[in-house]
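Once you have looked at the hints, place chains B, C and D on chain A.
Chains as they are written, first to last, in numbering that gives the first Met the number 0: chain A, 0 to 369; chain B, 0 to 369; chain C, 0 to 369; chain D, 0 to 369.
Treat each hint with caution, since some may be false.
One copy or any two copies: either way a pair holds, since identical chains are not told apart in the list.
[What the hints assert, rightly or not] Distance condition first, Cα-Cα at most 25 Å in a straight line; then the derived SDA-like pairs of lysine to any residue: (1) Lys288 to Gln299; (2) Lys101 to Asn21; (3) Lys265 to Asn364; (4) Lys36 to Asp47; (5) Lys269 to Val289.
Note that these hints are calculated values from the structure, not bench results.
Number of protein chains: 4
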Amino acid sequence: MIGGGTGAFIGDAHRRASRICNDFQLIGGVFSKDFEKGKLFAAHEGLDTHRCYPDLNTFIEREMALSANERIEAVSIVTPNALHYQSASKLLKAGFHVICEKPMTVTVEEAEDLQKTVKKSGLSFALAHTYAGYPMVRQMRELVKSGILGNIHRVDAQYYQGWVNSMIQGTDSGIQGVWRLDPQHAGLSSCMGDIGVHAFHLIEYTTGLCVSRVLSDLSPVKDHIQLDLDGTVLLQLPHNIKGVIRSSQVTAGEENNLTIGIYGSKASLKWSQENPNFLYMLSDTEPTKVYKPAHEYNTQFAEASHMMPSGHPEGIYEALGNIYKGMAKSIRGEDTFDGEFPGVLDGVRGMKFIKNVVESNKEGNIWKEL
Amino acid sequence: MIGGGTGAFIGDAHRRASRICNDFQLIGGVFSKDFEKGKLFAAHEGLDTHRCYPDLNTFIEREMALSANERIEAVSIVTPNALHYQSASKLLKAGFHVICEKPMTVTVEEAEDLQKTVKKSGLSFALAHTYAGYPMVRQMRELVKSGILGNIHRVDAQYYQGWVNSMIQGTDSGIQGVWRLDPQHAGLSSCMGDIGVHAFHLIEYTTGLCVSRVLSDLSPVKDHIQLDLDGTVLLQLPHNIKGVIRSSQVTAGEENNLTIGIYGSKASLKWSQENPNFLYMLSDTEPTKVYKPAHEYNTQFAEASHMMPSGHPEGIYEALGNIYKGMAKSIRGEDTFDGEFPGVLDGVRGMKFIKNVVESNKEGNIWKEL
Amino acid sequence: MIGGGTGAFIGDAHRRASRICNDFQLIGGVFSKDFEKGKLFAAHEGLDTHRCYPDLNTFIEREMALSANERIEAVSIVTPNALHYQSASKLLKAGFHVICEKPMTVTVEEAEDLQKTVKKSGLSFALAHTYAGYPMVRQMRELVKSGILGNIHRVDAQYYQGWVNSMIQGTDSGIQGVWRLDPQHAGLSSCMGDIGVHAFHLIEYTTGLCVSRVLSDLSPVKDHIQLDLDGTVLLQLPHNIKGVIRSSQVTAGEENNLTIGIYGSKASLKWSQENPNFLYMLSDTEPTKVYKPAHEYNTQFAEASHMMPSGHPEGIYEALGNIYKGMAKSIRGEDTFDGEFPGVLDGVRGMKFIKNVVESNKEGNIWKEL
Amino acid sequence: MIGGGTGAFIGDAHRRASRICNDFQLIGGVFSKDFEKGKLFAAHEGLDTHRCYPDLNTFIEREMALSANERIEAVSIVTPNALHYQSASKLLKAGFHVICEKPMTVTVEEAEDLQKTVKKSGLSFALAHTYAGYPMVRQMRELVKSGILGNIHRVDAQYYQGWVNSMIQGTDSGIQGVWRLDPQHAGLSSCMGDIGVHAFHLIEYTTGLCVSRVLSDLSPVKDHIQLDLDGTVLLQLPHNIKGVIRSSQVTAGEENNLTIGIYGSKASLKWSQENPNFLYMLSDTEPTKVYKPAHEYNTQFAEASHMMPSGHPEGIYEALGNIYKGMAKSIRGEDTFDGEFPGVLDGVRGMKFIKNVVESNKEGNIWKEL
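Bound-form chain A, shown alone (with noise of 0.2 Å):
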C-alpha cells in the first residue's frame, strides 16, 4: 500500500475492503511521508516494519530483490490525487499488479498514457470505482445486456450529497483554507470530478454503451468559489438514447444519494445506492419486481458478488471487497466475470468526461463529443 496511514480514511476503506474478501494480506507499503509515522503505523498494523518503506523508489528497489515467492504481488495507491500517475506507472513498470484509487490522474493525458502503460506491462489494474462492486448493480448490467428492456430510451443518474454546505457558509478566506475547494489541490472539478464521475461510470458500466457527448450547466454556488458544487449534464449515447447525470455537494440533507435509472421501451431498472440489496425493475405489463441478493434468479455474476444468504445486509465494503476479490482473480489468472473490477479505461473515460463537463460549462453549455 502506498499511502493511507494513521488517520487516512480512505486507505483504513480498502485495508478493511481487501481483508473482508479473504484475499488479501498486507505486507508493507509506504504509509507516510514522514518515515517515522509510517514505520508506527506498520507496527501498530502488527506488520514487519522492515516491509514500511520511506518512499515509493526505496519500496520496488528494496521489494524487487526479494525472491517472488516473498515479494508484494499487488500494491494499493491511496495518495493523494496528484500522485496517483507518478506512482501506477513505476509500480506498473516495475511488475506490480496496481489498485488505484479514484481518480485515476488529473489530465486526460496521463490517463492514456496510463493506458499504455497497464497494455505493455501485461499485468492487472484495478480502479476503484465502488459502486461497480456492489451485487445488484451486477444484476443490473447483466439484465440489460440480456435485452430484457427492449430498446433503451433513456438513462438518468443522480450524486447528491450535502457535506459541503458546511464549508461554504463562513468568509472567503474560510473557504480559501479548505484544499477540495481550490483549483491547485483538486482539479478542473469538485462535484462532477468528485462524485458525477461516480454517475458517470455508473451509467457506462450499467449500459455497456460509451457516452458519446455531454453538453452541462455548473454552478460554484457561490461567487468567489472557483469550482463547481452543482450541475446537470445532458448526455447522448448511441442508438439515439438519451441521458441526464444530475450531481451536487450542496444538497441539504443529502449523504450519498447515488442513483440510477434505465428505462426501456420494455423495461426499466432502478437502483439506489442507500438501499443497495434492491434492484426494481418496472414495466408497463406486470408488477414491478424487487430483486434481491442471494436467490437463484439473479445471474452468476451476481450470485457471486455476495456472501450472506438472503436478508443480511451487505454494504459498501463488501462492494470493495468484491473488487478486489475480481482483481485476486486476475492476479492467480483465473477466469474473471466481464466487468468484475474497472479497469484503466474506465479511468480513460472518467477523465474525459471531467474534461469535456467542464468545458462545455465555459464555453457556454453547448455540445462537446467525448
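Okay, now just chains B, C and D, sitting in the frame of chain A:
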C-alpha cells in the same frame, strides 16, 4: 359543465372532485357535440334536461335569461384542448366563473389574451393544475416561504410515465392514427406540453419563483414521430438557482411518477405524487423529518386541505376537490389562502414554458428567455 | 341518512363517499335529535327541507306515503352506536335498504337478530368495513382464492393508533369524562371493539376463512381505565392455520397503521392501509412483486374498484365509495362481485370476535370458541 | 478459532467480521475434526500450520506452552451447538477469552454453569447476538435509556424467514434427514431456538428490561414434524408493559425479516434488520424522525459503531465486527460502552426463553415465569 359527457374520463374526474369538496352541484351544461347524446347523459346523471344545451351560445343565452338565483354560477371546461380558449373567453365575458382543464390555451398569445379577459371580468378563474391541491404540496410551499431551507441551491422535478410505449411499437401508419402524437391535434409538444408543464408548475408553485430561462434537449424517440416523447430541460431561476425538469412518456413501467426536490443551504424538501401524503425534510444536522397531513405541526393552509384524521390516505380526487373548494371560497367572496387555486397567470406561464422549451430544442439546445 | 348532521365526522365521510361513487344522491333524513338543527343542516346541504324529519318514525311514515318513484331507496345509519340496531331493524322492516356504520350492534344477540331481519326482508344491507373497499385488498382476496399462496401457514394483522395517548395523560377525573373510555357508552371494549375488529374483518375477508377460536391478552394501560386500549389476540383458523392480531390505541405516533400479511407455503401477501395502492407478493424463488391498481394483470374485481389510470393515488373515500357502489349495484339488482360489500354476516362475526376476546382476557388468557 | 474450517458458513462470517474491525488476526485453531482437512484449511488461509491443532485439548496444552506474548489471546467457538458449552468452559478455565456463536449452550443448566465459569475466570466472554452490533440498534437502546419515549406501553418484535418451506414440501422420509428439524440435533426448538431468541434478545437489549413471563402458541406446521417452525409468544414485562414476539421459518418469501418496535406514551421507535441504517422515531405531535448512522445527533455509542461517512451503507459483517471490536476493547482493558457486546448473561436469558416458550406451548398455552 362544457364537455365531459358519457365516457369522458376528465369530465368524470371533475364531477367527482366537485362533489367530494361538498361545495358544488352539477346543474347542467353542454355535454356533447351531439345534442341527443348530451341529453341522454344529463338524464343518466339525474339532471333537469332543460339545463342541457346543444351548444355554448345557447347555454349562455338561456342561463342568462334565468334569475341570478337560479343561474349556473361556475362552469367547468373539459372539452378538447383547442376549444378551451374560446369557451373560457365567452363564458367570462358573459359573467360566469370558470374552471378550466389544462392546457389553458393552445398558444401564448391566447393565454395572454385570456389573462386580460379574466382581469377585466373581475371573476374567478381556476386552472386544473391538480397537484397543487395536495396538502403536502401546500405544506411544501409554505415551508419554502418560511425561509427554513436557507438559500435555495437547486430545484429538481421529474414526471415519468410509460403509457406511450404501447402506442409506438407498431408501424408508422399505426402511429398516424393517434391524435396525441399528431401536431395538428396535440399542439407543439406531447411530453412537455402534457406532463412536463406540470413539473414546471410545481416548481414555480412551491418556490414562489419564476423560471427565467430554459435550455432543452427533447426526443421523439422514433424518427417518424413529430413530437417530443421524452426530454430534459435545464432551468435558470433568480438568485442564481439552477434547476432541471426531466420528463418522459416512454419510461416503461412508470405510472405517474411526478416528483420534486427543493434543495437549500440549510434544509431540503422532497415529495412524490405517488405517495402524496409524505413530505420529507432533510438537513445536514438533524434526522430527516416526515410530514404527513392532519397534524398540528402543519401550516393552516395544509391543514385546511384534508378531510380525514391522520393516517387515512387521501388522493388525487381530494386534491382536485381542494382546488374546487378554493374556487368556491373565491366565488363566495371568502378569504382564500395564497395559492389555494392556480389561476390564469399559471396558464400563461405554462404556455410560455412549452413554447420556449420546444424552440430551445429546435434551435440547437440553446437558452431561451421565459 | 339517519344522524350525521352539522359537525359529524362520519356522516360527512359517508356523504362524500356516496357522492364520489356517482351512484347516490342525498335526498333527506333525520340529521339531528334537535329538529331545528337538522333543518338548518338540510338547508345548508341544499336539500328540500320537507325531506328533513324530526325522528325515525316520522321519516318512515312520510317517506312510505310517497310514491315508490319519489321515495328514498336506501338509508345510511351514522348515529351513535347504541341506535344502530334499532334503526336498522325498523328501516329494513319498513322496506328500506340500509348502509350501517360500524359497529353494527352492541351485542351478539342483537347482531344475530338483525341477521334474521335482513334475511326476512330480502333487502340489501351493507356494513361500513371501509378497508374492504380498497382495490388492492380485493386483489389480495382474489389472489388468495386463486390458490397461488399454496397452503396458508400464518395470518398476521396489526392495527396501531396513538391518539388515545393524549387522553390518558391527565388525572382520573379527566379520563372519566371521555365517553370512549366509559363502558356505558363505548360497550365491552375500546381498542378491540373499535379497531381490532377491523383487523379481524380483514383477515376473514381476505382469506375467506372463519377464525375458530381466540386467546387474548389485553391491557387498559392505566389502572383506573376500565377498557382495553392495547392487546394481542392469538387466532386459530381451519387447516391448522395460526394467526395473530395486534392492536393498540396508545402506540405513540402511529396514525392508522392497519397492516395484514398472509403467509403461505408458496407465496405470501402483504398490505398496509397507509400505502393502500401497493400490494406485495413474496416468494422464496422469485423477485417480490408489487401489484398496483389500474393494470390488466389485476383481477376484474380489483379493476372495477378504481377510477383513475395507474399512478393516480386513490384513498379512503374511494374505498368507502366502492362499498356504496357495490350496494348500488345490489339495490339495482345487478350482478355484484363476491365480496363487493360487507354485509350483516360480517357484523355478526365482528360482534362475536369482540365478545370472545374480552372474555378470554377476563378469564385468564384462555382459548374461547368463536 | 475452534471449528469453522473449509465450507463452514458461520466460521467464515466470524473471520471476515474479526478482520473488518481491524482488531483481530487469525493465528490458529482447531478447524476440523479431521486433522488433515484442518491443516489444509490453515495452509489455505496462509497460517503457520503449527498453530493448527488436532483437538481442543492439544490446542490448550500447546498454546499454554507458548509465552504470553505469542499465545493466542481469544478464541472464537463456531463448532456445532452441542460443543459450545464444553469448549467454552475449558477455554475459559485455561485462561482464554472466548467469543461464542449462538446458542451459547443446549440447556439452561449449562448456561448457568457457564455464567459461573466466566465470573470466576475474570475473562471476557462475548456471545454473537450479531444484531446488537448495528449502530441504529445501539442508538435505539440509548434513546430508550434517555427516557424520550415516556412510559413504554408495548414492545413488538418479529423474525420471519421462509427458507424452511423448501425443506418440508417433500415426504416424511425427506424431512427425517434434515438435522435442523430433528430434536436430537437441533434441541428443544427450531424456530424459537434459532431465530425467535434473537427477537427476544433485541427486546431485552434495547429496553434494558427483563421479560418476566411468556405464553406461547407454536406450530410444527406439518403433523410429522417434531419441532416448532412458527409461533407467537405473548410477553409480560415490568411496569405493566406487554409485548409480543412473532417468528416463523415458513413465511414464504421472507428472508431475514427481523423487526422491532418499542411504543411509548410520548414517542415510539421502529427498526428493521433488512434496512439496518434507518431508525424511525414516531410521536403524536411531531413529524416522524429518521435517524441514520454517522451524524452528530446520534449518541456516542452509536457513533462509535460505524466506520464510513453518512450514506455509505454498512451491514451484517460490520455489525458482527462491532461486537468483535467491543470484545477487543474489553480484552485490552479499555473502557467499553454499556452493551458493547452481549455476554454470558444474555446467553442465560436466551436459554430460559427457549425452554419456557416450549413448555408454555406444551402445557396448553399458559403463562410461564422466566
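Hints and how they fare:
1. When the C-alpha separation of Lys288 and Gln299 is checked against a cutoff of 25 Å, the pair qualifies both within a copy, at 19 Å, and between copies, at 22 Å.
2. Taking CA atoms no more than 25 Å apart as the test, Lys101 paired with Asn21 passes in both settings, with 23 Å inside one copy and 23 Å between copies.
3. When the C-alpha separation of Lys265 and Asn364 is checked against a cutoff of 25 Å, the pair qualifies neither within a copy, at 33 Å, nor between copies, at 29 Å.
4. Taking the shortest Cα distances, Lys36 and Asp47 sit within 25 Å of each other inside one copy (15 Å), while across copies they are farther apart (29 Å).
5. Proximity of Lys269 to Val289 under the C-alpha cut-off of 25 Å is found in both arrangements, the shortest distances being 10 Å within a copy and 14 Å between copies.
Hint violations for this structure: number 3 only, all remaining hints satisfied.
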